[in-house]
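The chain contents come next:
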Amino acid sequence: MVQKLDYLKESPSQTAGPYVHIGLAPRAAGFDIYARELGHDITGPNAKGERITVSGIVTDGTGAPVKDVLIEVWQANAAGVYPGAGEVEPGFRGWGRVVPDFETGEWTFDTVKPGPVMGRDGRMMAPHINLWLVARGINTGLNTRLYFGDEEAANATDPVLDLIEPAHRRQTLIASVDGSGYRLDICLQGDNETVFLDV
Amino acid sequence: MTRNTDLFQRDREWHPPALTRDYKTSVTRSPRYALLSLQSSASEITGPTFGHSDIDPLDNDLLANYAKTGAPIGERIIVHGRVLDENGRPVPNTLVEIWQANAGGRYRHKNDSYLAPIDPNFGGCGRTLTDDNGFYVFRTVKPGAYPWRNWVNNWRPAHIHVSVFGTGFAQRLITQMYFEGDPLIAKCPIVNTIPDPRAIDQLVAALDLNATVPLDSIAYKFDIVLRGQRSTFFENRPEGN
Ligand SMILES: [Fe+3]
Numbered sequence: 001m002v003q004k005l006d007y008l009k010e011s012p013s014q015t016a017g018p019y020v021h022i023g024l025a026p027r028a029a030g031f032d033i034y035a036r037e038l039g040h041d042i043t044g045p046n047a048k049g050e051r052i053t054v055s056g057i058v059t060d061g062t063g064a065p066v067k068d069v070l071i072e073v074w075q076a077n078a079a080g081v082y083p084g085a086g087e088v089e090p091g092f093r094g095w096g097r098v099v100p101d102f103e104t105g106e107w108t109f110d111t112v113k114p115g116p117v118m119g120r121d122g123r124m125m126a127p128h129i130n131l132w133l134v135a136r137g138i139n140t141g142l143n144t145r146l147y148f149g150d151e152e153a154a155n156a157t158d159p160v161l162d163l164i165e166p167a168h169r170r171q172t173l174i175a176s177v178d179g180s181g182y183r184l185d186i187c188l189q190g191d192n193e194t195v196f197l198d199v
Numbered sequence: 001m002t003r004n005t006d007l008f009q010r011d012r013e014w015h016p017p018a019l020t021r022d023y024k025t026s027v028t029r030s031p032r033y034a035l036l037s038l039q040s041s042a043s044e045i046t047g048p049t050f051g052h053s054d055i056d057p058l059d060n061d062l063l064a065n066y067a068k069t070g071a072p073i074g075e076r077i078i079v080h081g082r083v084l085d086e087n088g089r090p091v092p093n094t095l096v097e098i099w100q101a102n103a104g105g106r107y108r109h110k111n112d113s114y115l116a117p118i119d120p121n122f123g124g125c126g127r128t129l130t131d132d133n134g135f136y137v138f139r140t141v142k143p144g145a146y147p148w149r150n151w152v153n154n155w156r157p158a159h160i161h162v163s164v165f166g167t168g169f170a171q172r173l174i175t176q177m178y179f180e181g182d183p184l185i186a187k188c189p190i191v192n193t194i195p196d197p198r199a200i201d202q203l204v205a206a207l208d209l210n211a212t213v214p215l216d217s218i219a220y221k222f223d224i225v226l227r228g229q230r231s232t233f234f235e236n237r238p239e240g241n
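Protein chains in written order, with the UniProt record's numbering: chain E, 1 to 199; chain V, 1 to 241.
Honestly, I wouldn't trust all of these hints.
Stated by the list, open to error - Have a look at the derived ranges for each label pair, beta carbon to beta carbon:
1) ILE73/V with ASP32/E: 20 to 30 Å
2) PRO195/V with THR108/E: 32 to 42 Å
3) ARG169/E with ASN192/V: 30 to 40 Å
4) PHE102/E with SER231/V: 24 to 34 Å
Calculated from the structure, these hints are not laboratory results. As the structure is a computational prediction, the values presented were derived from the model and not from experiment. Even for Gly, the Cβ is constructed at its ideal location relative to N, Cα and C.
One chain only, chain E, in its complex shape (with noise of 0.2 Å):
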């Protein structure tokens, strides 16, 4: 016999179901009940940077929309900075709550773009912005990232777009310039399956 080691366990996940929204947004299941929902706000009045607007679809296996979907962003801020990790603009708070329209799918979010921020082993990580996504049929909530298709040089040396080994699957992590802005459309399953983290 050994000693006991004394860990917990993590509680397991379980589905965000398809009325996530009332716990997470309810303007968007349809009431108004807090004086301040959050989630709306990424970057506050005094973000410097670049403005720009992400937007994009979630799609299933069989190519429909996931119109149930919620996506949490969390990113740096112009200088690379984490908000916890350094100073950050007031009111800078790197996160936010994207939910599509119920008749289409389609997202769209407004913040600044992210500066580099260094990774492991002294690696700098490309500018990118992490997603979270969770849905009705979505049993652990999918980590994947965002990168832009402006930062090509950048994005040629990222530590985590390396990792990937099919070199053409690293396109699913990187939006497009379209306009004035972004688009990354992400593939649950498919062709075209977005990489998911397990970070």
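Position chain V with the ligand against the provided structure of chain E, taking the given hints into account.
Chain V with the ligand alone, transformed into the frame defined by chain E:
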């Protein structure tokens, strides 16, 4: 400035797999390729923080936070517990959000059309911050079971959806709390996406008579465990933090 560290690897055999055929919606919404495993960087070990200016004191009282003409219908309950990490350490000041059906099993959501009535005095959501020792508490009504289209005759056990943050974005967790003694738990395809029965037990809140308010509300205790953080005895934390 917080000094966040690497997280324990998530035990993917304790969580439900992505593809669970008896929960039919997962069939087309489950990635088929393996997840790409990453060591933590600043992007994973940092996360949003919330304060008392973000929420209102009444937000954790679902008996009152949407009351228009009186209290909501249903069995008055207290749900309380702690948010801990896998090291058993409390997670203070973290945001806990819940949502649920009313006592009849109906959600206040524009997409829910179950024939049970909406309760005019019940919104069905609440939120709070854990205290310095990781404790949280909600007052609400016990949600009703409700039918859902999976097989023809599927009923969700009474449950409360729970969302928790922790300190790192990679600790983000959504799960569901069930109630001790509910015979529908064992029959639910969503519950049974979890392969290990001990993991299912971890989601069943215990009746807690010591925490009831006599002649007022019955209580259930539900502890939530987030991924643990590695110790900093060895400098294995990422650069730049
Ligand atoms: Fe539910």
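Now for the hints, and whether the structure bears them out:
1. ILE73/V with ASP32/E: 20 to 30 Å: Hint holds: Cβ distance 21 Å, inside 20 to 30 Å.
2. PRO195/V with THR108/E: 32 to 42 Å: Once the Cβ atoms are compared, 37 Å apart, the range 32 to 42 Å for THR108/E and PRO195/V holds.
3. ARG169/E with ASN192/V: 30 to 40 Å: 32 Å, holds
4. PHE102/E with SER231/V: 24 to 34 Å: Roughly 45 Å apart at Cβ, these two residues miss the hinted range, so it is violated.
Taken one by one, the earlier hints fail for this structure only at number 4.
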